[in-house]
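Enquirer: Residue strings, one per chain:
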Amino acid sequence: MSKENRRKERIDRGIKVRSDGLYALMSWREMAYLIAPRFILIAGLLALPLLMPGLYWQRVISIVCIYAMVAISFDFLAHYVGLVCLGGAFFIGVGGYIAGIFNAYFGMPPLVTIPLAAIAGGAFCTLLLLPCLPLRGVYFAIVTLMYPLFMARIIEAFDLFGGTDGILGIDSFPSAFTEQYFVVGILLVFVFGLRRLVTTDMGLIFTAVMDNDQAVRASGINITYYKALAVFIASAMGCLAGACLTHIYMWSGISQFALDFSILPIAATVIGGAGTLVGPVIGCLILVPVSELLRDFGTLRIVFYATLLVAFILFRSDGIMAFAKRKYEQIERWTLI
Amino acid sequence: MEILVYGTINSVSLALMGLGFAMVYGISRVPNFAHGALYIICGFVTWTLLQKLGLPYVLAIVLSLGINGILGILMYRLVLIRVRGMNISEIISSYAIGLAILEGLRYGGFRGMTYTLPVFMEGMVVIGGVPVDYHRIVMVVIGILLVAGLWLFTHFTKLGLALQGMAQDERAALMLGIDSDFMAMLAMGFGAVLAGVAAITILPLGNIVVESGYHVLIMSIAVCIVGGLGSWMGAFFAAFIIGYAQILSVVFLGSHFQMVVAILAIILTLILKPSGLFGQQKELEDRV
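Chain order of the listed sequences is A and B.
Residues in the first sequence are numbered from 1 upward in steps of one, following the working numbering.
Residues in the second sequence are numbered from 1 upward in steps of one, following the working numbering.
Calculated from the structure, these hints are not laboratory results.
There could be a bad hint or two in this list.
A partial selection of chain B residues facing chain A, derived with a Cβ cut-off under 8 Å [to be verified]:
no., residue
1, N87
2, I88
3, I91
4, I97
5, G104
6, R106
7, F156
8, G160
9, L161
10, I267
11, L277
Cβ pair distances, simulated, as ranges [unchecked claim]:
no., chain 1, residue 1, chain 2, residue 2, range
12, B, L78, A, R6, 29 to 39 Å
13, A, M52, B, E2, 39 to 49 Å
14, B, L253, A, R196, 43 to 53 Å
15, A, D296, B, D179, 45 to 55 Å
16, B, M233, A, D201, 47 to 57 Å
17, B, H256, A, I42, 41 to 51 Å
18, A, P37, B, L268, 38 to 48 Å
19, A, W334, B, G149, 42 to 52 Å
20, B, I3, A, S317, 48 to 58 Å
21, A, R6, B, V62, 49 to 59 Å
22, A, I337, B, V62, 51 to 61 Å
23, B, I81, A, W334, 23 to 33 Å
24, B, V62, A, N5, 21 to 31 Å
Sample of chain B residues at the chain A side, in silico, Cβ under 7 Å [claimed, not checked]:
no., residue
25, P31
26, S93
27, L99
28, A100
29, Y107
30, V140
31, I144
32, D181
33, F182
34, I263
35, L270
Even glycine gets a Cβ: it sits at the ideal position worked out from N, Cα and C.
For reference, chain A alone in the conformation it holds in the complex (with noise of 0.2 Å):
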């Protein structure tokens, strides 16, 4: 049997079709068909602090929660809003500045300062983008790309916030395990709920946004309202992730605006599987965990990643999470044509 007459097939598994509709509440196996993934993230995700070994692994843990938080927010205005934004690092910068600032000059609690950086933050970023907003394609992911740069070179022209030094003595989290569970939950809770917008009606409206923005205008809605929506959307929970990092670090400076907050998120997202929202995650948890261990190897592991992000942007363009997905939804078989 030649491999030219053969042809590979893909069917639903049974059990998925079972599960689709109201019939998965019929058994107790489609229900766990069902549950099982989601279970296995969150549990995983939970169960991670405790696993890792000594604080260097778990402060680690941490640091993948606030890039995935970076990357699902990416993911969701690439893949859902059809914004390609390239500024992640203008979004940690932003909440990191905010936190440091309302922590160290005015004394609050990082309980405090962590939702204040993601609202005023998220409110800050949407302003600074909404002229922004009309532009498309790579017009759009070329001045997200500037923006964080461009702050940057302001802190250090005009020697704001501590300039070059940035703000010290930030207090950090109560304790490590706080941090962890803090970091670990809200990173849940963004993933869930963002799974749980894109069905929605304002979901529908962003998807047809990004499908075609002139049939959504067409129909009566304004089209620089969602995108203002959804930009403040995603940027409130970058915000809040560059608030974490900067009470994690204690910490904030210029570096928080470096490129590597762009680009590892997209690589993460890449990698993970982009459009999946849950892909972000696991492509963070893969990438950042990678990347400290080939520490000891200098700029090497940048060299690594980008190799990496370019081989499956070239050979698994769909992700890790659309393998994944297929597997478990689908068999395959050879079938004679």
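Using the hints, position chain B against chain A.
Expert: Then chain B, alone, in the frame of chain A:
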């Protein structure tokens, strides 16, 4: 007078940086975010050929330009051709390649202050009371010759006309028998060579440092956005606008503002008139 002279020199060096980026984007519509990396790698290849292998300067330059061109072609052939037309993937993959090259060079030990290329001509001359060394004058001459040469090339040779046809309308070019993938590959090669020319003319003025790869990338994007993506002449004029603006801001505000001006120019242009000063894109395509 100082502002005038150094503004011109700065503008020409910006134009040299930006031309390659503008050419690649104009023809193949691929934003080549590895431009800065190609610039730096050409500098290091020239240095290696010159210092390690002891080749004559001219031969080293020609060889490294050739290597750079081949590198650009390979980059297109192996990676970018597969993602062409997908904006996000183009940006991410070309940026990732650039990042890999730059950080790889840094890991390979190319850091510090020890890497310099010799200037073309020693000595200096006084123009209107401002001392200018010969190399900067040579640079301005090369820049102007390059722009003139590019103009002649794209208007009067068959290959140049084919490239221009592709830049204007890829499908129509395909119908007329122009192999668009081959042309895009050539454009990438030319873009890499132009980045190399920029490197060889600008780098002797300072040290070869990996960080300047990012700087060059931002500058070339600034020049191309202000001039209108895909318009070479636009890039050339925009280089003068940004170049003078930078020198003025350095003189009156401080050296920190050099970068602020460039990034501000990008952001403002994109917000106010995304097609740039000389862009040929339709307004409607860029914004809603």
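Enquirer: Confirm or reject each hint.
Expert: Going down the list of hints, with the structure as the test:
Contact between B:N87 and chain A, as hinted, is supported at the beta carbon level, the nearest pair being about 5 Å apart and thus within 8 Å. This hint holds: B:I88 has a C-beta 5 Å from the nearest C-beta of chain A, less than the 8 Å allowed. A hinted interface residue such as B:I91 counts as satisfied when its beta carbon comes closer than 8 Å to some beta carbon of chain A; here the least separation is about 6 Å, so the hint holds. The interface hint given for B:I97 is met, as the beta carbon of that residue sits about 6 Å from the closest beta carbon of chain A, less than 8 Å.
Because the beta carbon of B:G104 sits about 5 Å from the nearest beta carbon in chain A, less than 8 Å, this interface hint is met. Taken as an interface hint, B:R106 checks out: its beta carbon lies about 5 Å from the nearest beta carbon of chain A, inside 8 Å. Checking B:F156 against chain A: minimum C-beta separation of about 31 Å lies over 8 Å; hint violated. The beta carbon of B:G160 is not positioned within 8 Å of any beta carbon in chain A (closest approach about 25 Å), and the interface hint is therefore violated.
Given the 8 Å rule on beta carbons, the hint for B:L161 is violated: about 26 Å separates it from the nearest Cβ of chain A. Because the closest C-beta pair between B:I267 and chain A is about 6 Å apart, less than 8 Å, the hint holds. For B:L277, the interface hint is violated, since its Cβ never comes within 8 Å of a Cβ in chain A; the closest pair sits about 15 Å apart. A hinted range of 29 to 39 Å holds for the C-beta pair B:L78 and A:R6, which are about 30 Å apart.
A C-beta distance of roughly 60 Å is found between A:M52 and B:E2, which places it outside the suggested range of 39 to 49 Å. Taking the beta carbon of each, B:L253 and A:R196 are about 49 Å apart, inside 43 to 53 Å as hinted. About 47 Å separates the C-beta atoms of A:D296 and B:D179, a value consistent with the hinted range of 45 to 55 Å. For B:M233 and A:D201, the hinted distance range of 47 to 57 Å is satisfied, since their beta carbons lie about 48 Å from each other.
As the Cβ distance of B:H256 to A:I42 is approximately 47 Å, the hint placing it in 41 to 51 Å holds. Checking the proposed 38 to 48 Å range against A:P37 and B:L268 shows it holds: the Cβ atoms sit about 47 Å from each other. A:W334 and B:G149 have their C-beta atoms about 58 Å apart, which leaves the hinted 42 to 52 Å range violated. The given range of 48 to 58 Å is respected by B:I3 and A:S317, whose C-beta atoms sit roughly 50 Å from each other.
In this structure the hint that A:R6 and B:V62 lie 49 to 59 Å apart at CB holds, the actual value being about 53 Å. For A:I337 and B:V62, the hinted distance range of 51 to 61 Å is satisfied, since their beta carbons lie about 55 Å from each other. Taking the beta carbon of each, B:I81 and A:W334 are about 31 Å apart, inside 23 to 33 Å as hinted. Taking 21 to 31 Å as the suggested C-beta distance range, the pair B:V62 and A:N5 does not conform, at roughly 54 Å.
A cut of 7 Å between beta carbons decides the hint on B:P31: the least distance to chain A is about 6 Å, and the hint holds. Because the beta carbon of B:S93 sits about 5 Å from the nearest beta carbon in chain A, less than 7 Å, this interface hint is met. Taken as an interface hint, B:L99 checks out: its beta carbon lies about 4 Å from the nearest beta carbon of chain A, inside 7 Å. Because the smallest distance between the Cβ of B:A100 and any Cβ of chain A comes to about 4 Å, under 7 Å, the interface hint for this residue holds.
At a threshold of 7 Å, the smallest CB-CB gap from B:Y107 to chain A is about 5 Å, leaving the interface hint in force. For B:V140, the interface hint is violated, since its Cβ never comes within 7 Å of a Cβ in chain A; the closest pair sits about 28 Å apart. Against a cut-off of 7 Å between C-beta atoms, the interface hint on B:I144 is violated, since the closest Cβ of chain A lies about 28 Å away. With its C-beta approaching chain A no nearer than about 16 Å, B:D181 sits outside the 7 Å limit, and its interface hint is violated.
Annotation: B:F182 was flagged as interfacial toward chain A, and the flag is violated, the nearest CB pair being 20 Å apart, outside 7 Å. Hint status for B:I263: holds, given a least beta-carbon distance of 4 Å to chain A, under 7 Å. The interface hint given for B:L270 holds, since its Cβ lies 4 Å from the closest Cβ of chain A, which is under the 7 Å cut-off.
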